[in-house]
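**Q** Okay, here's what each chain looks like letter by letter:
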Amino acid sequence: MTSSQKNPYLSDEIISTDQTSAYLFTELNDGEYHFVVDETHSLDLTLIDLSSSKFNLKLLIDLKRDAHLSLSIASFQYSNLNKTFDIYVKHLGDASSSFVRFAGINSSDNKLTFIGTSLIPNGIKKVETRQEGRINNLSSSAKSEVSPVLLINDNDVKASHGAALGAYNPDALFYLTSRGISREESQKLIIKGTLSPIINKLHDESLIKEVNDFFQDRKL
Amino acid sequence: MKELSIQNLSCQAESNLILKGVNLNIHAGDCIALLGPNGHGKSTLLNTLMGSPHYHVTEGQAFLDGEDILTLTPDLRSKKGMFLAFQNPPDVPGVVTMDFFRSAINSHSEKPISLYNFYKETTKAYEQVGLNSNMASRILNEGYSGGEKKRNEILQMLLLKPSIAFLDEIDSGLDVDALNLIAKVINDLRAQGTTFIIISHYDKLYDLIKPNRSAIMVDGKIVLEGDFSLTKKVSENGYSFLEREYHISIEKKEQVSIDTCAIKETISK
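For the protein sequence lines, the chains are A and B, in the order given. Heads up, the first sequence is in my numbering, so the first residue is -6 and it goes up one at a time. Heads up, the second sequence is in my numbering, so the first residue is 1006 and it goes up one at a time.
Some hints here could point you the wrong way.
[Stated by the list, open to error] On the chain B side, residues computed to face chain A include the following (Cβ under 10 Å):
#1 G1056
#2 F1088
#3 F1091
#4 D1096
#5 F1106
#6 I1110
#7 S1112
Note that these hints are calculated values from the structure, not bench results. The beta carbon of each residue, even a glycine, is placed where N, CA and C say it ideally should be.
Bound-form chain B, shown alone (with noise of 0.2 Å):
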């Protein structure tokens, strides 16, 4: 990848319009720090870029090397090199982990991978993120603690070894050990040329990876950019400066429903 380019970006959930027009060139090599408020529409990029359904894009493009991925469906911007390391990630009942890996990474090559190399390979990664290997045994996330899915995330990133990854609050729920060594594999990947952004409300992660821009969302658009020096005042000051120095408010325009809002899911077991 040479360039993502998200250019006016617009997209709801339901009747809900979340992103508002949303501008952002990343160029390869980057690594974003993307900051805002709670509920402002970071999660909602970075999953609308991954193609996720709930959202609908309305409006705008985002052109991965001149080609408008939002076309495509969520395997074929893997394929592209794109990865997300979901928030929560989802409980996938029935299929199990290794089986699961077998698939993603066969997907992302010619030839279906060797028993021995896919052994070896993944033997490698689970060390790489400390995660006891017999849990490729296991159903994909199910029972999984906060900790081990984010750090499974990681694995898999190290697997696909994608062009630009999407980090979804990876740092939420992780000791120190493990922030740090998950630090120590996106700096790694970094060095060889993997762009990311990442979305973290603690500064601790930022300060290991050391982002060399800042971008913050705000109801729905990315209202400044900066360079690592950014990532520090947010850290330091929060978001209220924004108002003071810039006059960005940061309270969100809601929009007034009128639908019913009683979301009734009945599963029993």
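The following block holds chain A by itself, in its conformation from the complex (with noise of 0.2 Å):
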């Protein structure tokens, strides 16, 4: 099953059949929600965060044996209020595989936190795990903070973390002004080249017209 969709309803699920499903969010609000991914079956999770919400969005997600989660968040940070997301990934069975990158921009004098932690528990075989973070900062009093945890309780693993986080190479927009774009259009540049793999993944066309006129429009 694919879809996409904006601003959809979250509710906690049981996914016992493939799936695909991208979401825009130009509204978010705080909430806790449980997906459980059944034996064999995937989940292939896309989250677009554009909203100016305050929000603290936790998302607890179960994998049963040879169950398959990819998970890609991409949010940018413009309000005057915090987001934090927590992704909580448990391995409940063997062989099963998640792979979960955040990627971020803080143009804001506010918070953009991703929190994304893997449970592996004694005595689950074969599992493969990924938490990937980064966030760009393009104001320098943003705050952002990428914290991306393996909890690792059996040793026939695979499991792999990796976190960036900094304001965005002077070097690189020197360049690209240099060139004669503006400051504020070689900052749109790299902010739709950086969320760009990710809002691709709407497979809507209409949606990704509309956060691409997000950015066109915006003055940062």
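Take the two lone chains and join them into the complex the hints point to.
**A** Right under this line is the structure:
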């Protein structure tokens, strides 16, 4: 099942067919949602956050035997409120796999936080997992946090994590502006470029256009 | 552009004074070989003229046809017709080369370039610098080889058609064929009226383009100017003649810094 939706109503879910879903959020609220991916099934979930709201979004995802999760999150923080994504993946069955990647741009004076945790309990074998977070700060007063956590209690696993966090390289900005591109336009190129691999997963032309228009019309 | 007049230009990076009163007048059509030993401020001069955030101008002006460009942001300097081919073009993560080219071209014209013309112009420019045009879909400068980066700089010069171009060691790391190709592009643009300031440490490029002027920079100042024969003299004899014939010391007067010099950079992947 493949679907793209704008501002869907999130609820707890048991995934018992292979599912590819991409959601665009222009508003997002606090919430805690519990997904269970059944044996041998897969969930490919994409979340794109362009909201200006304050939230703490918690996703708990349980993976049963041979279940697979691919979770991609893109977030643009420009509001004067803090945003937190807290992702907790529990590998409850052998040979389950999870790949979580977060790409964020923070052009606000506030906080953007990504916490990604993979738990592999003792006795669960052949698990593969990766937690990856990357946030570019475009504003000098932006506060961002990336925290990819691996809780590993068994030794027959493949696990990795990565975090990249920081101000966008001033040399790269100078390079773009030295070609006549304004600072604002350069930042838009960077934002679009950083988030577009995830935005393109929307697969719905009108939603992709909506995101592109959002950045085009934006004053940074 | 008719004239670029650099007057008593001084600048510093962090607390080190690098340029110490540069004076140089560049006229339309000039091609200047900017010479000097390593670390005496040549790259700094070109980067400062383009508006690099690493350098802070402490004194002096640079007038492009009467307007002090040092007060302008880099994008506005570019729109005035200035161009810098970077010595080390940085990776620009996330930005696709093609999108970058289109934005750069559009920033130089009143209305956006049509898709057809964009395709035509970039394909031609890729051909001129001997690169495969499918590179346009790659991330800007990421994973480019040294030679590809240099060719990509020249390609941008072709797309933007500057009136004055600064080339910072554009020939380093290039093979002979690439060097000939780039010399040809430079000569073609010169014939169309582009003014050049070119830094190189090898006379091969200078021999191919024969600059009409030479300027030698030592310790943050232009200490000697001349015609092409000065470039030849440097390439044959090095810089020791400066001391012998002109009593110009090529020792840098280093500032003693008591600041801490530890720089820590952490980027994890």
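**Q** State for each hint whether it applies.
**A** Now for the hints, and whether the structure bears them out:
{"no.": "1", "hint": "G1056", "verdict": "holds, 7 Å"}
{"no.": "2", "hint": "F1088", "verdict": "holds, 8 Å"}
{"no.": "3", "hint": "F1091", "verdict": "holds, 7 Å"}
{"no.": "4", "hint": "D1096", "verdict": "holds, 7 Å"}
{"no.": "5", "hint": "F1106", "verdict": "holds, 9 Å"}
{"no.": "6", "hint": "I1110", "verdict": "holds, 9 Å"}
{"no.": "7", "hint": "S1112", "verdict": "holds, 4 Å"}
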